[in-house]
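Those letters in the sequence shown? Residues 6 to 277, per the numbering used here, in order.
Think of the hints as simulated: they come from the structure by calculation, not from any bench. One thing to keep in mind: the hints can contain errors.
Calculated pairs, DSS-like style, for lysine-lysine (alpha carbon to alpha carbon, straight line, at most 27 Å) [stated by the list, open to error]: (1) Lys64 <-> Lys80; (2) Lys53 <-> Lys149; (3) Lys64 <-> Lys53.
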Amino acid sequence: VVRKTKGFSWGAAGVSTALWTGVSLGDLLARAGPKRGAKFVFFEGADKLPNGYYGTSVKLSWAMDPERGIMVSYKMNGEPLHPDHGKPLRIVIPGQIGGRSVKWLKRIIVTSALSDNWYHIYDNRVLPTMVSPEASANLPDTWKDERYAIYDLSTNSAICYPAHNEIIPVGSDVYKLKGYAYAGGGRRVGRLEVTLDQGKTWSLANISYPEDQYRIDNDDETLYGGRVDISARDASFCWCFWDLDIPMSQLQEAGDVMIRAMDDSMNVQPKD
Numbered sequence: 006v007v008r009k010t011k012g013f014s015w016g017a018a019g020v021s022t023a024l025w026t027g028v029s030l031g032d033l034l035a036r037a038g039p040k041r042g043a044k045f046v047f048f049e050g051a052d053k054l055p056n057g058y059y060g061t062s063v064k065l066s067w068a069m070d071p072e073r074g075i076m077v078s079y080k081m082n083g084e085p086l087h088p089d090h091g092k093p094l095r096i097v098i099p100g101q102i103g104g105r106s107v108k109w110l111k112r113i114i115v116t117s118a119l120s121d122n123w124y125h126i127y128d129n130r131v132l133p134t135m136v137s138p139e140a141s142a143n144l145p146d147t148w149k150d151e152r153y154a155i156y157d158l159s160t161n162s163a164i165c166y167p168a169h170n171e172i173i174p175v176g177s178d179v180y181k182l183k184g185y186a187y188a189g190g191g192r193r194v195g196r197l198e199v200t201l202d203q204g205k206t207w208s209l210a211n212i213s214y215p216e217d218q219y220r221i222d223n224d225d226e227t228l229y230g231g232r233v234d235i236s237a238r239d240a241s242f243c244w245c246f247w248d249l250d251i252p253m254s255q256l257q258e259a260g261d262v263m264i265r266a267m268d269d270s271m272n273v274q275p276k277d
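Kindly produce the complete structure, drawing on both the sequences and the hints.
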């Protein structure tokens, strides 16, 4: 039995993929010239919430790393940002939990200390399992412990087909299972496995990365008003799609269909 603790639990669905146009945060900060001793970059949005303006911070080294792909964005899928997506400017931190990508960007501050913003401390965290939700209300030092903050997404996957309440015709010989998977921090999903017998045996699915089609573009290729940068880095931030043909005879006998993903660092999606 696994007991859930206080914190975010999005499952595999709290993720999306888009094409962003903007300015590299690393280039922007390089022009500003961070002072010696600077370690973090603090972002503050214009949305005032019950506990103040929303804000968070990330490591300065991440912001300066081209492989991290962090940017100040003003377009999404070729269109100026809509209000719901952070118009006029937002931070985009690919491969990390969405709470780090601050919308309606108002301020960027380079600092030597982590953000003390209420939402940086009490949001986007998962506390240890021995800390009950009731006890967490009286443990401010636990909330402030940076070990429990979520940054890079964990390896995860989902089944899209068969869909909920889908009726599968039994006359077919084969059914194609389909879904998506992703890994955080720019890591790629290296394998996706499917089991029909609760993990006794596994089958390897096919994987495709739609973003790879952009890697073959010329260095001077432009898209939506910006230069395509994906060919200049190895990191992968988008989800991949997977599929596997299963004989109908096996699918009919299966009580469950389960999957697991593994990224290129050999991080395996846990069962629970």
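Against the structure, the hints come out as follows:
no.: 1; hint: Lys64 <-> Lys80; in the structure: holds, 24 Å
no.: 2; hint: Lys53 <-> Lys149; in the structure: holds, 21 Å
no.: 3; hint: Lys64 <-> Lys53; in the structure: holds, 24 Å
No hint from the list above goes unmet by this structure.
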